[in-house]
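Generate the whole structure from the sequences, applying the supplied hints.
In our numbering, the protein residues as written are 145 to 336.
Just so you know, the hints here were simulated from the structure itself, not pulled from any lab data.
It should be emphasised that the depicted structure is a prediction, and the values quoted were computed from it without experimental measurement.
By construction, the Cβ of each residue, glycine as well, lies at the ideal position given by its N, Cα and C atoms.
There may be inaccurate statements among the hints.
Claimed, not checked - Computed spacing ranges between beta-carbons, pair by pair:
hint, residue 1, residue 2, range
1, Phe332, Gly288, 35 to 45 Å
2, Gly246, Lys157, 12 to 22 Å
3, Gly335, Ser226, 36 to 46 Å
4, Thr230, Gln324, 25 to 35 Å
5, Leu214, Gly288, 38 to 48 Å
6, Leu159, Phe332, 11 to 21 Å
7, Gln286, Gly191, 19 to 29 Å
8, Gln286, Ser226, 14 to 24 Å
9, Met193, Gly335, 29 to 39 Å
10, Gln286, Ala192, 31 to 41 Å
Claimed, not checked - Straight-line Cα separation of at most 27 Å, DSS-like style, residue types lysine-lysine; simulated pairs:
hint, residue 1, residue 2
11, Lys146, Lys247
12, Lys149, Lys165
13, Lys165, Lys146
14, Lys247, Lys225
15, Lys247, Lys157
16, Lys157, Lys323
17, Lys323, Lys146
18, Lys323, Lys165
19, Lys165, Lys225
20, Lys247, Lys165
21, Lys157, Lys146
22, Lys165, Lys154
23, Lys227, Lys247
24, Lys323, Lys154
25, Lys323, Lys149
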Amino acid sequence: MKALKERIRKEGKYLGNGILKVDSFINHQVDPALMLAAGGALAAHFGAMGVTKVLTAEISGIAPALTTALALGVPVVFGRKSKPITMPEEIYIESAPSHTKGKEVYLMVSPEFIGPEDTILVIDDFLATGYTIMALVRLARQAGARVIGVGAVIEKLFEGGRARLEEMDLEVHSLAVIKQMTEDGIIFAEGV
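Here is the structure:
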């Protein structure tokens, strides 16, 4: 997605240790027009696969998941990181290490929102190591749902997440795939 790559080049900041700061348009402040375009592009890629729900992780995955779901005409479910009192006792729960938070993160979904009748598309803002997305896939599979693929706004190819997800027999589609990041700039992979 050309507009996304231009935005990453212009506003993205490499902070070292594999961290790309895109807070000005994706993670903290969200550019709604860019997210609508991203969601439309992801929905166009996966639209013929019978998706019934989009699944993401709280919180920065919600914007691209919502716009993708809007384009597909299906609901969004997000894995919560803390259990509210409104959630039933029996839940689906998985954990994953978080690179940006520096600790293990737990993701929870209520059984009333995902079940065996669902065909799930997992959407997230970033695909890096893939561990958070893998936890979401395990949550959906615990519920008996079928996961048809994974979409990401930005992928850091060098962190190996794509390979891990493909080992789980998942189709992966990312809108901007970064091959390398240094203080000198960001290099995008082509044809991935």
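Tested hints:
In this structure the hint that phenylalanine 332 and glycine 288 lie 35 to 45 Å apart at CB holds, the actual value being about 38 Å. Remark: the range hint 12 to 22 Å for glycine 246 to lysine 157 is upheld by a beta-carbon distance near 19 Å. Here the CB-CB span from glycine 335 to serine 226 is close to 40 Å, well matched to the stated 36 to 46 Å. Taken as a hint, the range 25 to 35 Å is violated for the pair threonine 230 and glutamine 324, whose Cβ atoms sit roughly 44 Å apart.
Between leucine 214 and glycine 288 the C-beta distance comes to about 26 Å, which lies outside the given range of 38 to 48 Å. Distance hint for leucine 159 and phenylalanine 332: a CB-CB separation of about 18 Å, consistent with the stated range 11 to 21 Å. Checked against the hint of 19 to 29 Å, the pair glutamine 286 and glycine 191 passes, with Cβ atoms roughly 26 Å apart. Taking the beta carbon of each, glutamine 286 and serine 226 are about 19 Å apart, inside 14 to 24 Å as hinted.
Look at methionine 193 against glycine 335: about 22 Å separates their beta carbons, and that is not inside 29 to 39 Å. Here the CB-CB span from glutamine 286 to alanine 192 is close to 26 Å, at odds with the stated 31 to 41 Å. The suggested pairing of lysine 146 with lysine 247 is violated, with an alpha-carbon distance near 33 Å, which exceeds 27 Å. Distance check on the hinted pair: lysine 149 and lysine 165 sit about 14 Å apart at the alpha-carbon level, within 27 Å; holds.
For the hint linking lysine 165 to lysine 146, the alpha-carbon distance of about 19 Å falls within 27 Å, and the restraint holds. Taking the CA atoms of lysine 247 and lysine 225, the gap is about 12 Å. The hint holds against a cut of 27 Å. For the hint linking lysine 247 to lysine 157, the alpha-carbon distance of about 23 Å falls within 27 Å, and the restraint holds. Among the hinted pairs, lysine 157 with lysine 323 is consistent with the structure: their alpha-carbon atoms are about 15 Å apart, no more than 27 Å.
Restraint check for lysine 323 and lysine 146: satisfied, since their Cα atoms lie roughly 16 Å apart, inside the 27 Å limit. A distance of roughly 16 Å separates the Cα atoms of lysine 323 and lysine 165; the hinted pair therefore holds under the 27 Å criterion. Between lysine 165 and lysine 225 the alpha-carbon distance is near 22 Å, which keeps this suggested pair within the 27 Å criterion. For the hint linking lysine 247 to lysine 165, the alpha-carbon distance of about 19 Å falls within 27 Å, and the restraint holds.
With a C-alpha separation of about 18 Å, the suggested pairing of lysine 157 with lysine 146 holds against the 27 Å cut-off. With a C-alpha separation of about 12 Å, the suggested pair lysine 165 and lysine 154 falls inside the 27 Å cut-off, and the hint holds. Taking the CA atoms of lysine 227 and lysine 247, the gap is near 18 Å; set against the 27 Å cutoff, the hint holds. Restraint check for lysine 323 and lysine 154: satisfied, since their Cα atoms lie roughly 17 Å apart, inside the 27 Å limit.
Our distance criterion of 27 Å between C-alpha atoms is met by lysine 323 and lysine 149, whose separation comes to about 12 Å.
Violated hints, in rising order: 4, 5, 9, 10, 11; the structure is consistent with all others.
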